[in-house]
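Let's have the full structure, built from the sequences with the hints guiding it.
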Amino acid sequence: MKARVHITLKPGVLDPEGKAIGRGLAALGYDGVGEVRQGKVVELDLADTEPQAARDRVDAMCRDLLANTVIERYEIELI
Amino acid sequence: MKSAVIVFPGSNCDRDMMVALEAATGRPPVAVWHRETSLPADLDLVALPGGFSYGDYLRSGAIAGRSPVMADVKARAERGLRVLGVCNGFQVLCEAGLLPGALMRNTGIHFVCRDVHLRVDNARTAFTNAYGQGQVIRGHVAHHDGNYFCDDDTLTALEDQGRVAFRYCAADGAVTPDANPNGSRNNIAGVLNAAGNVLGMMPHPERLIAPELGGTDGRGVFDSLVAALADA
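Chains S and Z supply the protein sequences, listed in that same order. Yeah, the first sequence ends on 79 if you go by the UniProt record's numbering, and it's all consecutive. Yeah, the second sequence ends on 232 if you go by the UniProt record's numbering, and it's all consecutive.
Some clues are possibly wrong.
Label-pair distances were calculated between CB atoms; the ranges are [as the list claims (entries may be wrong)]:
1) Z:27 <-> S:75: 30 to 40 Å
2) S:34 <-> Z:26: 51 to 61 Å
3) S:56 <-> Z:151: 24 to 34 Å
4) Z:38 <-> S:65: 14 to 24 Å
5) Z:212 <-> S:29: 46 to 56 Å
Computed footprint of chain S on chain Z; a stretch qualifies when at least three of its residues, placed anywhere within it, have a C-beta under 8 Å from a C-beta of chain S [unchecked claim]:
6) 56-70
7) 100-113
What the hints contain is simulated information worked out from the structure, not anything from laboratory work. Fair warning: this is a prediction, and the values are worked out from it, not measured in the lab. We put the beta carbon where it would ideally sit given N, CA and C, even for glycine.
This is the structure we're talking about:
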């Protein structure tokens with residue numbers, strides 16, 4: 001089983017990289033783009049076979065290392 | 001004073017930190033590799049140096065903050081051991097939960113490497129007593145992720161409890177947005193834990209300890225620690 005974790009900055013936390021990407025898009029002529037927020041994706045290849053157990057374990061991994069919950073939020077997708 | 005410097009893969013200011021500590025304390029610090037599971041006995045200070053531990057992978061300081069040695073750093077800090085984290089060391093302390101908040105990408109996106117003015121916001125700490133309250137000193141920053149962030153409640157607590165040790169300021173001491181090199185909340189350059197025995201700061205005091213290096217304004221941090229120990 002694989003898990004994909006999407007990590008983004010929490011709403012309200014300034015995202016300087018997202019802003020720079022937005023300015024880059026505008027410079028290329030892409031108008032009509034509002035706020036840009038960026039983040040990272042972590043894919044995990046898991047030995048788990050039971051979805052809920054896998055989700056619980058990945059949630060623990062997120063809290064322990066993958067995300068810094070002071071500034072980031074995360075979403076877990078099992079694939 | 002017996003001190004130790006933790007060395008992570010990717011640390012690059014560990015030698016500078018050791019030179020600064022030896023100059024201030026008169027004895028060479030012990031270098032401790034991050035895979036050690038305990039610190040030497042009878043330490044008075046442990047320093048976490050600047051650098052790019054683990055290439056800043058995942059988040060600056062994230063992986064180093066969970067290194068084997070950090071469990072003992074945490075345990076000893078809880079018992080009162082003084083801990084100084086500079087630059088990447090500050091990031092590691094936040095990631096390890098020894099200090100509140102997080103260090104985010106600089107608001108200007110760029111890596112910032114230059115001298116700054118710092119205001120000593122609390123000169124009654126073990127790390128700052130050699131300075132005057134409100135004194136403006138020269139600091140040097142070199143970082144990409146120095147933008148100090150914490151939530152509103154934490155910020156209020158830091159301010160109310162005098163836990164902001166250093167703030168970025170103008171030459172006259174005024175705390176202005178223009179003097180803020182990275183977008184840190186309230187121009188925060190260095191913060192203390194609640195007990196006052198752990199300090200994290202983005203500027204590098206170890207880079208300003210001799211006229212040959214361009215200045216001596218950083219010495220106060222190390223002299224303060226020596227004085228605090230003598231008073232204890």
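- Find the hints from earlier in the document that the structure breaks and name them by number, from lowest to highest. 1
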